[in-house]
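> Below are the chains, spelled out letter by letter.
Number of protein chains: 2
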Amino acid sequence: MALKKKPVTGMKDILPGEMEIRDYVLNIIKDTYRGYGFSAIETPCVEHIENLTSKQGGDNEKLIFKILKRGEKLNVEAAQTEADVVDGGLRYDLTLPLSRYYANNSANLSAPFKALQVGSVWRADRPQKGRFRQFVQCDIDILGDATNLAEIEEILALTKALKRICPDKAYTVRVNDRAILKGMADYSGFPENETDKVFIILDKMDKIGLDGVREELLAEGYAPEAVEKYTGLLAEIQNDAAGVRALGEKLSGVMDPAKAENLATIMETVKAVADIEFGLEFDPTLVRGMGYYTGTIFEVSMEGFGGSVAGGGRYDKLIGKFTGVDTPACGFSIGFERIITILMDSGFKVPEAAGKKAFLYEKGLSGEQFRAVLKKAQEERANGTRVAVAQMNKNKKFQKEQLAKDGYEEIVEFYKDSLK
Amino acid sequence: MALKKKPVTGMKDILPGEMEIRDYVLNIIKDTYRGYGFSAIETPCVEHIENLTSKQGGDNEKLIFKILKRGEKLNVEAAQTEADVVDGGLRYDLTLPLSRYYANNSANLSAPFKALQVGSVWRADRPQKGRFRQFVQCDIDILGDATNLAEIEEILALTKALKRICPDKAYTVRVNDRAILKGMADYSGFPENETDKVFIILDKMDKIGLDGVREELLAEGYAPEAVEKYTGLLAEIQNDAAGVRALGEKLSGVMDPAKAENLATIMETVKAVADIEFGLEFDPTLVRGMGYYTGTIFEVSMEGFGGSVAGGGRYDKLIGKFTGVDTPACGFSIGFERIITILMDSGFKVPEAAGKKAFLYEKGLSGEQFRAVLKKAQEERANGTRVAVAQMNKNKKFQKEQLAKDGYEEIVEFYKDSLK
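Protein sequence lines, in the order shown, are assigned to chains L and A. Under the working numbering, residues 28 to 447 are what the first sequence spells out, in order. Under the working numbering, residues 28 to 447 are what the second sequence spells out, in order.
In short, the hints are calculated from the structure, not lab data. As the structure is a computational prediction, the values presented were derived from the model and not from experiment. Wrong hints could be hidden among the right ones.
Each pair may be met inside one copy or between any two copies, as identical chains are not told apart.
[Unchecked claim] Below are the SDA-like pairs computed for lysine to any residue, each with C-alpha atoms no more than 20 Å apart in a straight line:
(1) 96 to 107
(2) 424 to 171
(3) 39 to 131
(4) 33 to 133
(5) 96 to 114
(6) 57 to 379
(7) 376 to 135
(8) 190 to 375
(9) 298 to 406
(10) 57 to 47
(11) 100 to 111
(12) 348 to 76
(13) 209 to 224
(14) 82 to 352
Just chain L, with the same shape it has in the complex (with noise of 0.2 Å):
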């Protein structure tokens, strides 16, 4: 009986030159991680789905594949809903599993715990070219340290990670914090219970500019005056570490000065020990869309491309909601997937350390004679040089051709008449 061939809907099948790409970059991002520290952790791909139901993942939860319970437990016949027949589902990101892991195993871990995770995520969303159902996650997270210091080497590890898989790619961080966008929404007067939705159309500045937010806040019907305080104010900011504290200022009668303070710190240390270049930016229309950060919030952008490749903050409080302790947190996460489409998208290739090369052999060797191929072979990978040995087909040209797709340029070919 023939099978289905393709994958299951909006899945995919990862080919050797794109795998190739991917464990490339997630090796040096590994590699970046471990140095400042972080230490790699996992959990099951599968959790309860109690946990996975509890409204902390937002919209996410919709979008859950479930997993069926199994022997006795399953009566599919007398099943009236889903909660019947369903007592797992696949995770949706990593940040619910890693606060699960976190209160099942805080005991055995470093405090301040560093971790680093690195794993496939699951999403029934509706498919969509670059986006598939199971894809890499990839963050890194402090928790139990209430400090900047998280901030800080979250930033310097993260964007060291970036341009060692790109070097010749300029990056931004751009940071701003939750204080200070509720800072300003209060000082410019809007209706205290309202700071969300006007947040959400701060978030589509880089779409409709500075005179698009006026219009939309306008035409949701917030006071004149409230939303000409507002853009006046986002429009003379400055977006260094002076800029964040003249800020602070000016937000003195509503925010407490020392949030200002801590994110003027945050860019000015980073800056000061970066051994990379990349740009580090105040940016006061930065809101990120998941609603458990609490402070710091960070996003990185890449030259030429837009959107995001990183993203993350600070989340106090979310840990706490999952095992009853508040335990500060903070977070960043690589876009590994949108990176990957980057790099496929451009040609690039993995350096190789010592070469591939290919050894072809015509069919009918004698023993001793293939004996000798392989032992050549045996010679050239102890220098650590990658060699594939195969029987030549037929039709050698195609074969040399598929040879030097997976990247097997240099080819040795081996006959019945020059071999001893």
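Given the coordinates of chain L, assemble chain A onto it according to the supplied hints.
Using the frame of chain L, we list chain A on its own:
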């Protein structure tokens, strides 16, 4: 609301110490296999339920984690059977997805295709010590090569990987061929359609010995002459290439002598070209469980540990069952979880290239002092040292003990008064 802290039944959280060993071992395996010309590939963790339940996976099919249909396709209330509510499942091995992958992508793959797969698989087995419901498999497979180059290269690559992981352990590769198994049974006079039952008894040889095998065969009701001829044959066989050839001559009435010659050649060639030491033995009692093997079979044991740490064989008929096109195939699987357990139990430590250091700084440093500590960390990191920076906790002794447990044995302390 506090959530469930434990992982789902039978699956586990992986702590930093184990994770370090896992990543280390995986990197060696991947690097070694790439040196032998294998290309890493990946398939989705979710497969079509029809593919998973196609009776190619033997008993493993009973253990599938099944995935619920979504959206309009799901109607729990009207459902009568499992099939009504399920459309996918988590893969239970990497061989079935590989067959689908090959059918889907062979136009874009080299011929022969040398696949390297590392990935989690899931089986809803009864949980027991050291057996988990999610575990990593680590396979190489050569598709489209009918020659014994496939067997030879796989044995060379796998033993090299094992030797790099544990250089001071001795390994023994035991080989056999399904045709020789069958030839010995036919030669001894067992009924032709009962050979599978004979092999199940033979497979117990390492536990019950030759006498035990004799007794069980007799108890099963086989003719005493057949049993005597069979056990006599088993007792006299030499375990080297010459022994294989001698057996081939003896079985020439019931088996094509090319089968024995092929196995003898594999053994001789591997020994002639291997650049590391390991045992290589013909084992006429080696059976291997999976029914899909068609030719050579192999198993690897490690000095001081019962059971095997790797196994595999040729399965020339399996891919054709999925694709409709017969494709010769030979695979070798490393018992990854078994090796990790052995390393963990023996207190194995991952060798660090350039060391690990922890920097602890006193609370309340000036901005300048703080930057000085971070700059020093950046310098050490640039030299390849892994540096964890943390503020001193109140209980510094405990903090240092935790760091030491994570491998940060060298700890540098920074104080307000001593930093300029």
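> Now look at each hint and say whether the structure bears it out.
How the hints compare with the structure:
In this homomeric assembly, residue 96 and residue 107 come within 20 Å of each other (Cα to Cα) both inside a single copy, at 14 Å, and across copies, at 15 Å. For a Cα distance limit of 20 Å, the shortest separation of residue 424 from residue 171 across copies, 18 Å, qualifies, whereas the shortest one inside one copy, 60 Å, does not. Proximity of residue 39 and residue 131 under a CA criterion of 20 Å is satisfied inter-copy only: 11 Å between copies versus 33 Å inside one chain copy. Within a single copy, residue 33 and residue 133 get their C-alpha atoms only as close as 42 Å, which misses the 20 Å cut-off; across copies the closest is 12 Å, which meets it.
Taking identical chains as interchangeable, the C-alpha atoms of residue 96 and residue 114 lie at most 20 Å apart whether they share a chain (5 Å) or sit on different chains (14 Å). Proximity of residue 57 to residue 379 under the C-alpha cut-off of 20 Å is found in both arrangements, the shortest distances being 19 Å within a copy and 14 Å between copies. In the homo-oligomer, the alpha carbons of residue 376 and residue 135 lie at most 20 Å apart only across protomers (18 Å), although the nearest pairing inside one protomer, at 41 Å, exceeds that limit. When the C-alpha separation of residue 190 and residue 375 is checked against a cutoff of 20 Å, the pair qualifies only within one copy, where the shortest distance is 15 Å, while the shortest distance between copies is 33 Å.
In this assembly of identical chains, residue 298 and residue 406 lie within 20 Å of each other by CA distance solely across copies; the values are 15 Å between and 48 Å within a copy. Taking the shortest Cα distances, residue 57 and residue 47 sit within 20 Å of each other both inside one copy (15 Å) and across copies (11 Å). Taking the shortest alpha-carbon separations for residue 100 and residue 111, both the intra-copy value of 9 Å and the inter-copy value of 17 Å come in at or below 20 Å. Proximity of residue 348 and residue 76 under a CA criterion of 20 Å is satisfied intra-copy only: 16 Å inside one chain copy versus 36 Å between copies.
In this assembly of identical chains, the alpha carbons of residue 209 and residue 224 lie at most 20 Å apart only when taken from the same copy (11 Å versus 75 Å across copies). In this assembly of identical chains, residue 82 and residue 352 lie within 20 Å of each other by CA distance solely inside one copy; the values are 18 Å within and 49 Å between copies.
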